[in-house]
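**Q** First to last, the protein sequences are chains A, B and C.
Heads up: the first sequence runs through residues 1 to 260, numbered per this note's numbering.
Heads up: the second sequence runs through residues 1 to 380, numbered per this note's numbering.
Heads up: the third sequence runs through residues 1 to 334, numbered per this note's numbering.
By construction, these hints were calculated from the structure, which means they are not laboratory data.
Heads up, a few of these hints could be off.
Stated by the list, open to error - With a Cα cut of at most 30 Å, we get these calculated DSS-like pairs of lysine-lysine:
| id | chain 1 | residue 1 | chain 2 | residue 2 |
| --- | --- | --- | --- | --- |
| 1 | A | Lys88 | C | Lys49 |
| 2 | C | Lys7 | A | Lys257 |
| 3 | C | Lys300 | A | Lys253 |
| 4 | B | Lys266 | B | Lys188 |
| 5 | C | Lys300 | B | Lys25 |
| 6 | B | Lys201 | B | Lys221 |
| 7 | C | Lys127 | A | Lys226 |
| 8 | C | Lys127 | B | Lys266 |
| 9 | A | Lys88 | B | Lys7 |
| 10 | B | Lys7 | A | Lys49 |
| 11 | C | Lys54 | A | Lys226 |
| 12 | B | Lys57 | A | Lys51 |
| 13 | C | Lys154 | B | Lys269 |
| 14 | B | Lys188 | B | Lys44 |
What the hints assert, rightly or not - Here are a few chain B residues that sit away from chain A, every Cβ distance over 10 Å (derived from the structure):
| id | residue |
| --- | --- |
| 15 | Leu11 |
| 16 | Glu18 |
| 17 | Phe19 |
| 18 | Gly63 |
| 19 | Leu143 |
| 20 | Asp144 |
| 21 | Phe156 |
| 22 | Leu176 |
| 23 | Glu187 |
| 24 | Lys198 |
| 25 | Gln277 |
| 26 | Leu288 |
| 27 | Thr332 |
To be verified - Reference excerpt, derived from the structure (chain A facing chain B, CB under 8 Å, subset only):
| id | residue |
| --- | --- |
| 28 | Met187 |
| 29 | Ser188 |
| 30 | Val189 |
| 31 | Gln238 |
| 32 | Asp240 |
Every residue gets a Cβ at the ideal spot worked out from N, C-alpha and C, and that includes glycine.
Spelled out, the chains give:
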Amino acid sequence: MKIVVCIKQVPDTTEVKINPQTGTLIREGVPSIMNPDDKGGLELALQLKDKYGAHVTVITMGLPQAEDILREALAMGVDRAILLTDRKLGGADTLATSNALAGALRNIEHDLIITGRQAIDGDTAQVGPQIAEHLDLPQVSYLENLEYDGKKTFTIRKQTEEGYQMLEVDAPCLVTVLAPAFKARYMSVSGIVEAYGREVEVWGADKIDVADEKIGKAGSPTSVAKAFPKSLKPAGEQYDVDPEQAVGIIVSKLKEKFII
Amino acid sequence: MDFNLSKTEELFLQMIREFAEKEVKPLAAEIDEQERFPIETVEKMGKIGLMGIPIPKQYGGAGGTNMMYGMAVEELSRVCGTTGVVLSAHTSLCAAPILENGTEEQKMKYLPKLASGEWVGAFGLTEPNAGTDAAGQQTTAVLDGEEWVLNGSKIFITNGGYAHVYIIIAMTDKSLGTKGISAFIVEKGTPGFSIGKKEMKMGIRGSATTELIFENCRIPKDNLLGKIGGGFAIAMKTLDGGRIGIAAQALGIAQGAMDETIKYTKERKQFGRSISQFQNTQFQMADLETKVQAARLLVRSAHYKKDNGIPYSVDAAMAKLFCAETAMEVTTKAVQFHGGYGYTREYPVERMMRDAKITEIYEGTSEVQRMVIAGKLFKK
Amino acid sequence: MDTTQYKDVYVFCEQREGVIQSVALELLGKARELADTLNEKVVAILLGKDIKAKAQDLIAAGADKVLVVDNDVLKYYLTEPYTQAITQIINEQKPSILMIGATTIGRDLGPRLSARVCTGLTADCTKLEIGEERELLMTRPAFGGNLMATIVCKNHRPQMSTVRPGVMKKMTPDAARKGEVVDYQIAFNQEKISRVRLLNTVKEDKGMVDISEAKILVSGGRGVGNAEGFKKLEDLAAVLNAQVSSSRACVDAGIIDHSRQVGQTGKTVRPDLYIACGISGAIQHLAGMEESEFIVAINKDKFAPIFNVADVGIVGDANKILPMLTERLKGMME
Chain A
1 MKIVVCIKQV PDTTEVKINP QTGTLIREGV PSIMNPDDKG GLELALQLKD
51 KYGAHVTVIT MGLPQAEDIL REALAMGVDR AILLTDRKLG GADTLATSNA
101 LAGALRNIEH DLIITGRQAI DGDTAQVGPQ IAEHLDLPQV SYLENLEYDG
151 KKTFTIRKQT EEGYQMLEVD APCLVTVLAP AFKARYMSVS GIVEAYGREV
201 EVWGADKIDV ADEKIGKAGS PTSVAKAFPK SLKPAGEQYD VDPEQAVGII
251 VSKLKEKFII
Chain B
1 MDFNLSKTEE LFLQMIREFA EKEVKPLAAE IDEQERFPIE TVEKMGKIGL
51 MGIPIPKQYG GAGGTNMMYG MAVEELSRVC GTTGVVLSAH TSLCAAPILE
101 NGTEEQKMKY LPKLASGEWV GAFGLTEPNA GTDAAGQQTT AVLDGEEWVL
151 NGSKIFITNG GYAHVYIIIA MTDKSLGTKG ISAFIVEKGT PGFSIGKKEM
201 KMGIRGSATT ELIFENCRIP KDNLLGKIGG GFAIAMKTLD GGRIGIAAQA
251 LGIAQGAMDE TIKYTKERKQ FGRSISQFQN TQFQMADLET KVQAARLLVR
301 SAHYKKDNGI PYSVDAAMAK LFCAETAMEV TTKAVQFHGG YGYTREYPVE
351 RMMRDAKITE IYEGTSEVQR MVIAGKLFKK
Chain C
1 MDTTQYKDVY VFCEQREGVI QSVALELLGK ARELADTLNE KVVAILLGKD
51 IKAKAQDLIA AGADKVLVVD NDVLKYYLTE PYTQAITQII NEQKPSILMI
101 GATTIGRDLG PRLSARVCTG LTADCTKLEI GEERELLMTR PAFGGNLMAT
151 IVCKNHRPQM STVRPGVMKK MTPDAARKGE VVDYQIAFNQ EKISRVRLLN
201 TVKEDKGMVD ISEAKILVSG GRGVGNAEGF KKLEDLAAVL NAQVSSSRAC
251 VDAGIIDHSR QVGQTGKTVR PDLYIACGIS GAIQHLAGME ESEFIVAINK
301 DKFAPIFNVA DVGIVGDANK ILPMLTERLK GMME
C-alpha cells in the first residue's frame, strides 16, 4: 500500500497572546509546529505501515522552513519527504492550495491519501475534500479506523456526532482525521539521529501539472477584504480574595442574575 | 566548540521535552510518594530508543551522542529526578563500560537488550566499607575452572532488583591493591546472587536503591569485563562518564526548580503585587539563572570532550561538583520563594530539594570531585 | 464568469433521519435578511428520502421556495450523492449565494462542492452581510480566532460559506408564510456513488448531552489539571443541573471527550451561565464561549485573558473554591 500524508507547518496558535493594551497579536516567539490533526494523520499512516508494511510519503506545501516538520516526520518513521515550495504558490486560498497539492499528488503513487481535518491557523477543513475532488477520489472525513483488504477496498469507521458509520470504500481514496483519534508517536532517537542525513525532495511549481491561473493568488476565488482584531466586551469585576469570600461573591452574583 | 545546538540536537530536544512533559511529569509526585520504580516509563523510553542513546547502531542503539544523552537526563530530571537517575545509571554505569571494555561477544549479547530497554543496567562498586575509598573492595572473585566465584556484598546500588545486567567490581588479587581489582558482568537470576535490603531514601525515592549479595555466585569465565586486574581503571573511567550524567541530572533538577519558581512568583501576590516584581526576587533569581546556565555549559563541554575523544575526567568532576551544588542552592531557594507552600507536597519544589541532595553525594561526593580537580591542579 | 446571471440566496437545509437541523433554520433566518437586502429570493435545498413533508417548515422559517430532491441515495448523508445533487442545482439554477451549516456534514460537503463547481468557499463564518457592490461579506475568525477576517469571493459564483451553528438567529416560525415547493430531479452518476458503500450506522450513547444546548456549563481547563479536578466540576454541575465542558488542553490530555470541548476547534456555546475554572482563556477558547450570557471565571493568574470576558472574575485556585461553592449551593438548595 502506498500512502501519502499531507502535512502543514503552522504557528502554535495556543501560544499566541493578545497585547492587552493594544488588542493586537503578539506573534514573536510563537513556535512553528506540525499541525496537530496532520500529525494524527501521520500516526495513522505509520500504524498502517506497521500493520501492512505500507510505504509512507509526506508532502507539505509552504515556505522553505517547512522542512522542519518534514525532518520531524522522517524521525517519526516515514519513508519519503517532499517539500513543495515556490513563490508562485504563495497567497493561495484553500481552492488554489488544493489545486497545487493535487497537482503534486498526481505525480506520487498512492492508494490512500491522508490529511488532517483542519489546520489550527486556518480552521477551514477544506483542503482535504477539495484535493479529493480534484483527483476524483472518494473521501471520508473524521476517520477513526481503517482496515485494508490488500487489494482494492478499505473498510472505514467514520466518527459521527451520534456514534459512527462503517463504510466500504474503493481504493484509492482520501481520508481526513482528527488529532485525538490517533495519538502521535514520539520521534525515535535513531530516527532523529538520521533525519538530517536523509533526503528531502524540494519541488517547485514546475514539478506539478497545474495551470498557473489555478494556483497561488491568481487561482484563489476568495480574498481577504479586511482583517481586524476581535472586539471583546468590557471586562467585568475582578476579585482577589480568599476562597471563602470568593464563594460568597459568586453566590450573590448568581442570585442577582436570577440564575439560582 | 560550537555553543549552538545542531539541528539534530534541536529536534531531539523537541522530542525529549514533550516526552518528559507528557509521560514523566504526571508520574513524578506519585512515584516519589509511593517509592515506586517507574517501570512503565522505562518501557516507554526503551520503545523510542532513549535507553540506548549513545550506543552505536550495530549494537542496537540509536547511534546518538553523549551530548544528546546528557540532554535527555537533564530534561527528564527537570520534571522527575528519579527518572533521570534511572537512565543515567543504566547508560553511563552499565551500557558504557560494556561498550568501552567488552569483547565483541559481550557487546552483541548485552547491548541490544540494554538499548531496547528490555534489560535495565546497574553498576556495583560501593561496599559497606568501601565508599569514597573504592580501593578497599572486600567482594572477591576467584577463578574456579571455567567459572568465577563471587562472594561479598554491594550497597546503595541504583536500579538494584529491576536491573538485569550488573557490572560488579571485585577483588581478584588482594596483594596487588588496586591492580588486583577486576570487573564482571553478572546477570539477574544467577544462583548465589540475590538482592538485599532496599534503602528508604530522602529523595529520588522512585529509584530502587538496594544491596546486592553474592554467596558463592558462579558466573562464566567469559563474564570478566576487560582484563584481569583492570577493574579499578574501568570503575574510575566509568565513574568519569557517570559523573557527567549526574551533573546533567542535577542541572535538570535545578532547571525544574527555576521553572516552578518563576511560575509561582508570577502568580503569588503579597502586599498587592506579584512577588516576582520584588527586587529581592529578581536579583536572587538572576544569580540563580546565571549559575544554572554556567552549569549547563560545564555539562555540555564535558560531553563535547567525551564525544570527541578528548580527556574529560576533570571536566566531569567540575561539572558534577558545580551542578550538584547549584541544584542544592537553587532548590533550597526555590522552597524559600514558595514560603509555606514550598514546604508542602502540594508544590514540587520540596521534592526537588530532596532529590537534589543526593547529587552532591553519589558517584563521588563533592569532596571527591574537589580531590580530582585539585589533583590535576597540583600535579607535577 | 458573468456574475450578474447569478441570483438568489440558497440554503442547504440539513436533515438527519428526517429531522431538520437547527442550523438550517438559523441559516434560513439569515438568508431571509440577506435576500431582503438584495431584493432576491430565499431558496431552500432539501435532500433526503421521504422528506417532502418538511418543506413547509422551511417556508415558515423564511424560504420562498424549497427544492426537494427525494431519492434513496440521499437517505443518509454521503458525500458523493449530495455533491451531485447540489452541483446540478447550482449549474441549472445559478444561485448567487449558497449557505451551508458548518456541521460535520456541512464541512465535508462544502469543500467538495466548491471544488466541483470551481468557486470559493469561506469556512465557519460567524457574520454575513451584503456589501456596497451587492457582494457577500463573509466574516470569520482567523489565525486560531485571534483575528477576524472578512472574506469576499469577487469573480466566482455562487459565493459559498459554511456558517457556525448557534451563531445566526432563527426567524419566529410563521406557519402562514406561503412558498413554492418543487420536486427536483437529479441525474445521479451511480458509478461514482458506488465507490463508497455505507455498511451500517451505529448510534452510541456516549453518555453525553450536546453542550451547545446546555443552559449552564461548568468548564475546566489546565488549571483543574486532572480527572480528580474534573470530579469537582461534576459535583458542582450536579448541584446546578449543569453540564461539564472543557478547554482544548484537557481534551488533548485525554481527561475529557472531544464532544465536550468548547472553542474554535470544539463547539460554540451560549449558555445562560458559563463557569470557567482554571481556564486561562486562549483566544480559541474565548471564540467558543464569549457570547455566553453570564461568565464567571476562576483562575490563579490575575492576568489570564479569561478575565477580559468574565462578568465576575475570581483570582484563586478553582480546586479549592469549587468544593466550597458546591457545598454552599447544596446547602441553599435544601
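**Q** Determine for every hint whether it applies to the structure shown.
**A** The hints, checked one at a time:
Proximity of lysine 88 of chain A to lysine 49 of chain C is assessed by CA-CA distance (about 46 Å); at most 30 Å being required, the pair is judged violated. Straight-line distance between C-alpha atoms of lysine 7 of chain C and lysine 257 of chain A comes to about 46 Å, which puts the hinted pair past the 30 Å bound. Restraint check for lysine 300 of chain C and lysine 253 of chain A: the C-alpha separation of about 20 Å stays at or below 30 Å, so the hint holds. A C-alpha spacing of about 49 Å is found between lysine 266 of chain B and lysine 188 of chain B, which places the hinted pair above 30 Å, so the restraint is violated.
For the proposed pair lysine 300 of chain C and lysine 25 of chain B, the alpha carbon gap of about 21 Å is at most 30 Å, so the pair holds. Taking the CA atoms of lysine 201 of chain B and lysine 221 of chain B, the gap is near 36 Å; set against the 30 Å cutoff, the hint is violated. Our distance criterion of 30 Å between C-alpha atoms is met by lysine 127 of chain C and lysine 226 of chain A, whose separation comes to about 13 Å. Under the criterion of a C-alpha separation no larger than 30 Å, the hint pairing lysine 127 of chain C with lysine 266 of chain B is inconsistent with the structure, at around 38 Å.
The straight-line distance between the Cα atoms of lysine 88 of chain A and lysine 7 of chain B is roughly 28 Å, inside the 30 Å bound, and the hint therefore holds. At most 30 Å may separate the alpha-carbon atoms for a hinted pair to count; lysine 7 of chain B and lysine 49 of chain A meet this at roughly 27 Å. This hinted pair does not check out: lysine 54 of chain C and lysine 226 of chain A have alpha carbons roughly 39 Å apart, beyond 30 Å. Annotation: proposed proximity of lysine 57 of chain B to lysine 51 of chain A holds, straight-line Cα distance about 24 Å (limit 30 Å).
Of the pairs offered as hints, the one joining lysine 154 of chain C and lysine 269 of chain B is violated, with about 54 Å between alpha carbons and a cut-off of 30 Å exceeded. With a C-alpha separation of about 22 Å, the suggested pair lysine 188 of chain B and lysine 44 of chain B falls inside the 30 Å cut-off, and the hint holds. Distance check for leucine 11 of chain B against chain A: the nearest CB is about 5 Å away, which does not clear 10 Å, and the non-interface claim fails. Interface exclusion of glutamate 18 of chain B from chain A breaks down, the closest Cβ pair being 7 Å apart, not more than 10 Å.
Distance check on phenylalanine 19 of chain B: its Cβ comes as close as 6 Å (rounded) to a Cβ of chain A, failing to clear the 10 Å threshold; non-interface status is violated. Separation of glycine 63 of chain B from chain A is inadequate, the least Cβ-Cβ distance of about 5 Å not exceeding the 10 Å criterion. The claim that leucine 143 of chain B lies off the interface holds: its Cβ sits roughly 39 Å from the closest Cβ of chain A, which is beyond the 10 Å cut-off. With a cut of 10 Å on Cβ distances, aspartate 144 of chain B stays outside the contact zone with chain A, its closest approach being about 42 Å.
Here phenylalanine 156 of chain B stays apart from chain A, with its beta-carbon at least about 29 Å from theirs, past the 10 Å limit. No Cβ of chain A comes within 10 Å of the Cβ of leucine 176 of chain B; the nearest lies about 41 Å off, and the non-interface call holds. The Cβ of glutamate 187 of chain B sits about 25 Å from the closest Cβ of chain A, beyond the 10 Å cut-off, so the non-interface label holds. Remark: the non-interface label on lysine 198 of chain B is consistent with the geometry, its nearest Cβ contact in chain A lying 31 Å away (cut-off 10 Å).
Look at glutamine 277 of chain B: its CB is around 15 Å from the nearest CB on chain A, clear of 10 Å, so calling it non-interface holds up. The Cβ of leucine 288 of chain B sits about 22 Å from the closest Cβ of chain A, beyond the 10 Å cut-off, so the non-interface label holds. Non-interface status of threonine 332 of chain B relative to chain A is upheld: no Cβ of that chain comes within 10 Å, the nearest being about 29 Å off. Because the beta carbon of methionine 187 of chain A sits about 5 Å from the nearest beta carbon in chain B, less than 8 Å, this interface hint is met.
The beta carbon of serine 188 of chain A is positioned within 8 Å of a beta carbon in chain B (closest approach about 5 Å), and the interface hint is therefore held. Taking 8 Å as the C-beta contact cut-off toward chain B, the hint placing valine 189 of chain A at the interface holds, the least distance being around 3 Å. A hinted interface residue such as glutamine 238 of chain A counts as satisfied when its beta carbon comes closer than 8 Å to some beta carbon of chain B; here the least separation is about 12 Å, so the hint is violated. Given the 8 Å rule on beta carbons, the hint for aspartate 240 of chain A holds: about 7 Å separates it from the nearest Cβ of chain B.
The structure shown violates the earlier hints numbered 1, 2, 4, 6, 8, 11, 13, 15, 16, 17, 18, 31.
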